[in-house]
Amino acid sequence: MATTADAARAAITGRARGGERSTRSLVFLLLLWLSLLIAFGVLVTLIVTIAQDGAGRLDSGLLTGYSASVPEEAGARAAILGSAWVIGTTAVLTIPLGVAAAIHLEEFADKKHWFNRLLELNIQNLAAVPAIIYGMLALGFLALLGVQNKNVVIGGALALSLLILPVVIIATREALRAVPDEIRQGSLALGATKWQTVWRQTLPSAVPGIATGTILALSRALGEAAPLLLLGGLVYVTFDPNGLLSGFTTLPIQIFNWTGRPQAGFHELAAAASVVLLVLLLAMNALAIFIRNRYQHRW
Amino acid sequence: MTSETSTGQDTTHTGNGRAQTGVHIDPSAVKTGRPDRSLSDVPDPVIECKGVDIFYGSFRAVSDVTMLFGRNEITALIGPSGCGKSTLLRSLNRMNDLIEGARVAGVIAYHGQDMYADDVDPIEVRRKIGMVFQKPNPFPKSIYDNVAYGPRVTGMKVDSMDDLVEEVLTRAALWDEVKDKLGQSAYGLSGGQQQRLCIARTIATRPEVILMDEPCSALDPIATAKIEDLMHELRDDYTIVVVTHNMQQAARVADRTAFFTARPDEQTGDRTGMLVEFDRTTVLFTKPADKRTEDYISGRFG
Ligand SMILES: Nc1ncnc2c1ncn2[C@@H]1O[C@H](COP(=O)(O)OP(=O)(O)OP(=O)(O)O)[C@@H](O)[C@H]1O
Ligand SMILES: [Mg+2]
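Protein chains in written order, with UniProt numbering: chain A, 1 to 299; chain B, 1 to 302.
The hints are simulated quantities; they were obtained by calculation from the structure and are not laboratory data.
Misleading hints may appear alongside valid ones.
[What the hints assert, rightly or not] Straight-line alpha carbon distances no greater than 27 angstroms define the calculated DSS-like cross-link-like pairs of lysine-lysine that follow:
#1 B:K179 to B:K141
#2 B:K157 to A:K194
#3 A:K194 to B:K179
#4 A:K194 to B:K141
#5 B:K226 to A:K194
Excised from the complex, chain A in its bound form (with noise of 0.2 angstroms):
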């Protein structure tokens, strides 16, 4: 007896080669720290040094003033409204539609059916894609339409709800599947149609998780240059866009022309602007982490 009891003491507190306390976990434990750091350290360098060389510029008239010549009289007014409009109207052409495609396929279509399933496989191929690519695709269809001028806002939306329609998507059937199966079949049980079920159960109880999800999608689209340079993005914009068939400049843009410019001035707004672009991304994020804080489902 005695010497099984020494033996099963022996077992818990010896340390062991796999211990939690062994040498070779701590020193993975240091290493996973020292990751941490690192990623954690450049993030708090960028976010410093930005606002340490924009600092002289963040002031109203970084705000109220058009683009101009002069660094000193030029302000980032038009690419914010110009991101805003771009923005919200991706946010109107992606969410209806994502949310739809998504709806059909988790809840209707046939999972196992081999076209459905070549679905799916594009759709997370698509979320991979690069943005550029996705400008390339909006400005060829652009083309095909006719339209000349293709540096509006509408088509701007157009490029950014292809970039981020396939992680719409994803991350409303993955909110969808979450729902537990129950939920469906106690208001089938009731009588209830398909239809009636998804619009009543299902896709209530999916919002905070579609919403997180759609936000972070836009965050990634407000980030976005690229797709919209290639449509020829504007520089030099001198008035508020007012329509989807508006001409329109957004931040990243912005920013990225400025930083060009020779001038120190130049340099300075840019650094600046980025602090607005950084502190609406920011928000943005937190948003999407309080709806999911306060009305995720605890099933």
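Knowing the structure of chain A, use the given hints to seat chain B with the ligands on it.
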């Protein structure tokens, strides 16, 4: 064993243009396990099963079930795990249609109308034959909306939804516990309360039959006793079919009990569920006709 109840015709439902009405079973053909007893005393059968086979793909989960469910009676389905109790129960209101590959052969009739005929709408079947699940599954909505959901989606004509909600919750012996928090989430209720809410939600659409699949298996003894009381109460107005693993529960609540078992199929080797004995609960538990029933209820098997 099976030949005496054979229906003579093997009918599967693969869209062969069926519209059968007036399907009735001769009660004397129903297997009770005893040659000297027939089930002619089953009152006014609401659901009749005749030579029912249920398949998942090519796997036959249930074979040749012939039995009756009498009006305002509680019928218990008992038997070892995997003998197809849930499968049979789900096919009584076409919930099995939702499982891919599930298929019913033979006849399941509701008031003599073949439930699987081409012109029958499964949605309408489920409005007449409700279902309560093993795990309480309230909707992530308020208590009130849980009850009102069924009448709303089925477009029931309701004079006052408030009155209906009160009536139904009272019927489900839940009103006093929840009347001050109708607007709160159903998830705040205890498991037993949630299950009574699910029963309330089911009777709100005024079905005729309630199917219950192990409704108490996730509940403690006190909550179980409440559900059993409720079942007794509801029997006056509803026909109830309940699956249970609890022999005492079957003995306490059921008017009639059907004992199923699973045995390997001679041809395929699959374990196929079959009806062994179906009789008044008192008879089945005191004088079982079949050795397998006796072994099971005395705890020697399964
Ligand atoms: N969705 C399904 N797809 C395929 N086979 C299934 C499915 N559901 C059940 N089966 C099979 O059908 C047989 C009967 O299962 P069922 O769930 O009806 O048994 P049960 O009597 O309710 O068992 P338990 O007492 O454990 O609930 C089992 O062999 C099971 O594996
Ligand atoms: Mg079961």
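Results of checking the hints against the structure:
no.: 1; hint: B:K179 to B:K141; in the structure: 16 angstroms, holds
no.: 2; hint: B:K157 to A:K194; in the structure: 21 angstroms, holds
no.: 3; hint: A:K194 to B:K179; in the structure: 31 angstroms, violated
no.: 4; hint: A:K194 to B:K141; in the structure: 19 angstroms, holds
no.: 5; hint: B:K226 to A:K194; in the structure: 33 angstroms, violated
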